[in-house]
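Trainee: What follows is the residue order along each chain.
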Amino acid sequence: MSRTPSHGSAGIPISTYRLADRRLSLDELHRGGLLTSAPEMLRDFGFEWCHVHDQPNATELMLDAARALLHQAPVEREDLAGLFVYSGLPSAGPTSASDPISLFRYDLGRIRHELELDEVPVYRLSELGCCGLAATFNLAESVLRDSDRTCSIVLTGDCFGPDARREIMYNVMSDAASAILVHRSSDRNRFLASHEIVQSYYWDSPAHSDEILASYFPLAQRVIERALAKADTPMDRLRWIVPHNVSVRSWEILCGVLGFDPDRVWLSNIAKVGHTVSSDHVINLCDMQAEGAIEPGDRLLLFTFGFGASWSASVFEH
Amino acid sequence: MSVSVLMTGASGTVGTALIRHWLHSGDLDRGELKVTAVTHEGGRTESGRVLPRHDGIRVVRGEITKPDLGLDPQALAELVGSTTHVCHLAASTRFGAPLEEIRRVNVGGTRHVFELAERCPRLQHVALASTVFVSGRRTGRVYENDLAHGAGFVNTYERSKYEAESLAHEFTGRVPVSVYRISTILGDSRSGSVQHYTAPHQALRIMSLGLASMLPGTPDYRVNLVPTELVAAAIARLILRPPSEIRTFHLAAPDEKCFTLEEMIETGYRQFDRLIPGWSRRRYPKPAIVSGETFDRFMESVEETGNPLLGGVMGALRHFAHQLLYPKEFDLTNTAVSIPGYEERVPDVRGYFGRVLETCVRTRWGSGVEGE
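Heads up: the sequence lines are chains V and H, in that order. Position one of the first sequence corresponds to residue 1 (my numbering), numbered consecutively onward. Position one of the second sequence corresponds to residue 1 (my numbering), numbered consecutively onward.
None of these hints come from the bench; they were simulated from the model. We put the CB at the ideal spot given by N, CA and C, even for glycine. Any given hint could turn out to be false.
[What the hints assert, rightly or not] Computed Cβ-Cβ distance ranges for the label pairs, DEER-style:
hint	chain 1	residue 1	chain 2	residue 2	range
1	V	Asp-263	H	Thr-139	28 to 38 Å
2	H	Glu-293	V	Glu-116	49 to 59 Å
3	V	Asp-204	H	Pro-340	38 to 48 Å
4	V	Asp-204	H	Arg-364	18 to 28 Å
5	H	Gly-341	V	Met-235	18 to 28 Å
6	H	Ser-291	V	Asp-163	37 to 47 Å
For reference, chain H alone in the conformation it holds in the complex (with noise of 0.2 Å):
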């Protein structure tokens, strides 16, 4: 059987994954698949990289922003005549966003390419990449069934998945959707490379400038984070399994495989120390966790101020920091139905931190470019 996925996205941390990950997996050099990454950057990543040559991939300039996608009318119809499937990984992540300005492209771009998939006469599944964040402001065990809460959101990003999910809700019937809640990716559990700094990869990052005075949260709060590798490789399984009554899927680490908060700060010391040559005699000192109040009096006194320093790395931390206020578990049942051994194959954070790291201090968090 012949697939044809398009996907939007490709050129962001997960698009990359789960093409390198069909490259390698031969299915891209069989011709059982091929792909059309949508892309308004020109297929390149976010790294700068261009997506990799391959007869099997197609590169069309697109924006999800815009009913079909932008897309040209002949680059259209021969997208709705031979997709098989849709992989939507496409989204604003910054958290700091205006709510309207996040919610155009994440609700209003998942909306465009429902709509374009309806219209698809071949079309088997689509697949919606989210956040185990749509849990917002909950805590506890999040089951993958669960959507609906009124606890409230941490920040835009949040909410604007959760709006989106509930599009998929309303889709139901019309197109076969699944939605894949990613946890939060730290980079590739083998080589340490990182696609992309987002938020521990900057608190990380205060910390070794010595600048990270406090962090809301409790030492023992569980910090999920996944590698690059298995998110693709979860996904590229899941997306080409025909959809069943399951449709929502955590693709997080079990709790045993993350770190506490309190066991992150210290390990990333550790590892500081390590790769920085001098940096144990600056004697740092690992931040406060403190509760929510504290931190907002902090944040609020360091604007105040206009300490331009300060005002610019801690209020990095700003929009995301108080997901820290708010433990939860990610039960992993339907992931683990669908991909048995799915949570012995994931790889415990402790194993590849210090890779990750090392990539971070020798790249300087993405300001110099990988491997130079």
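Just chain V, same shape as in the assembly (with noise of 0.2 Å):
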């Protein structure tokens, strides 16, 4: 389950981001019946702010991240390989046949048509919870490497509706969602090696929540120190470490795990951000890069962990 570059310069040389408007603290959550842990406990853990969209869908969400992204890259329609769109919620349409052909609104339609990308190839992935953008990233990268074309553009987002509950398993969960070109001959986020562990016996999350819990550090360790050894870079050779924005307290453990220095984490939108299910990394990323806390050469690593389940980890040189 790895993937390493033949040629080494695929990367992400633009990423966009857009969070849902309506920020919610923990205790605005605590007061809706939105949480099932105290506040306390969530701050304690590193959550303060949850982002919340109006819309039961992602779709507007990531119209606009993919708007912001080809306003900064124009790029042409033709030098496409692909659209490469991942939500790991299941799409909130319509549930009843009563009037059968709504089954067929697609929303997907849509961002094609709005975006004017009738003429390139799309490609949607699902369930594979938090790890949607990795294994997106690496598809679109895959599909750019047969083709003649320079780059590909992935669409992630997420949305739990504007009544959803909000706490996955300790985690604050928010609305977003990110767009990133991958081109081919990137001269910045150039990827390097992944790693992911996949196990499937884990499929009914609700019914594995102890042990999927349990497993998460371990496996986490294991993914990546696989891909880091992929990548030919050692622990200490890392700049930062882009988590996905489960809590501080995790990631204090993890590093623990690691032998790695917490503060060598991005740790700071896990308070304002909160998590949301596929676009931590992007969000991340786009906040690192402008706050100018990544220079050119710094090796970052990517983890997450996906319901379904997975546990992936990415190497890129920035």
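From the two separate chains plus the hints, produce the assembled complex.
Mentor: As structure tokens, this is what we get:
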């Protein structure tokens, strides 16, 4: 379950994201009955704010993120090898077949239409939980490698719905979308290697939640160490771990397991943003770049866990 | 010479194994040895079995936390008059018990036993069962003649046994005491049977359930495990010898016959694969081996979330797992001098670990009656 590029220069020159506008504090979420745990405990775990979208799905957020990306990187449509779309949550479309044709009202079609991407092949992935971005990037990079086109667009987005509960396994969940341009010859964020561990026995997340919690750290350690080995990157050569925004507490523990300095994990967005299903890495990368935290040549490790279940780590060079 | 042993803790792991040893050796049948088992459980073992019926074994209700072991005057007078040897095995092994509570049993109880022994006119020898972990947080080679240290302890059990040994030194000159520091007992190496499911069994159970996230320690930590019958045979031999200058014995395994922590985990996983249908398809990861700080942070988080299952199973590790942070080797000189060939006789854990795990899996770690 590994990916190591043959040419080593594909990467992510540009990325954007869009967070849901409505921002709620832990106390507000608690008052609204949207948390399972006490706000004090979640605060102790590093959370503070949650972004809640007023729509039942993430299409608008994804469109906003994609438009911002195309504005920053005005690519020619004929240069695109594909549009790759990922959402880790089921679409909130109609569930009744009383009007069967409504079942064919596809958000993907809308995205292609509004972005004027009719001529671009489209690929949609789902059910990979928070590992969706990594898997979609890997697919995009792979398709690009076998294509004569120069780039692809990856969109991710997840929205729980305005009234949904906002806590999963002691993590506060936000709504957001992200867009990245994958270029076959990128001058920054060059992909070096990735590794994935799949544990399909855990496909029924509620039934196996305790085993998943117990497995989280040992498998995180294993997948990170293997990705680093493939990238020929010793742990101390890493400038940053770009996290998925699960609790700060879990990152403190994982750093202890890895023997990695927690000051080199970009944790500041966990309180501000919370955990989005598939957009955390892009949000963090964008903010790290905006704050000048990354220098050319810095090695970055993106780690995440996704229900389903899989553990994924990718190594990039900025 | 007739030997009359007053035994506390006869219903525990070592007590039942010792009685079994004497039954098999014929010592009880020949009438040369009589055992009076003082037990507050009516002679029941920890697995619910009754102590064997035999003319040479008498069961007396008593309680070590009480002066004169709470014996009725007639039983007390008989015991004082007849006892030649005292084998004090009873102890609380609740690692997480509050210090005062465990001290009451393990130190106060020992004092009561010594005081009773002091009054026995025919007394020849008092044996105190202790633990190799009176060495607490010490690291490196631990000698049998060493006791005092300031390294601290991992749990209240270790400390209470350390204090009980200190008490034995106070009684020097008043009663002839020997101390048997027993390592962690895994089970019977021949049958694989387990009397009492302790720390290593619980850790393996948690691994079998896929709930072992991490353990503190280092991969090359030597996990010292001994089989039940070896401990029983050693005590049977040592207790009947007249006490000499050598007073403390390590009943432990030499390092080369021990697993490393990493090896034990790997072997355990291979055994579960063999013993539990479908287990390998779950692909449970082996626990990470981490620093004490990381383990504590993880445990704090588990407790803070109130997760009942993880909290329960990982909580079971909390009171002993830290011992894995203090690698040590137990010197066996005294034991080897008194029992020639002892080190050669210690079975390598690699040879019987699978049999013990088979029992663990078959009985669901003691939740069912073994053999059913």
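Trainee: Determine for every hint whether it applies to the structure shown.
Mentor: So, going through the hints one by one against the coordinates:
Our hint of 28 to 38 Å for Asp-263/V and Thr-139/H holds, since their Cβ atoms are close to 30 Å apart. Distance hint check for Glu-293/H and Glu-116/V: the Cβ-Cβ separation is about 55 Å, which falls inside the suggested range of 49 to 59 Å. The hinted window of 38 to 48 Å between Asp-204/V and Pro-340/H is violated, with their beta carbons roughly 59 Å apart. Separated by about 23 Å at the C-beta atoms, Asp-204/V and Arg-364/H satisfy the suggested range of 18 to 28 Å.
The beta-carbon spacing between Gly-341/H and Met-235/V, approximately 48 Å, falls outside the hinted interval of 18 to 28 Å. Taken as a hint, the range 37 to 47 Å holds for the pair Ser-291/H and Asp-163/V, whose Cβ atoms sit roughly 43 Å apart.
When the structure is compared with the earlier hints, violations turn up for hints 3, 5 and for no others.
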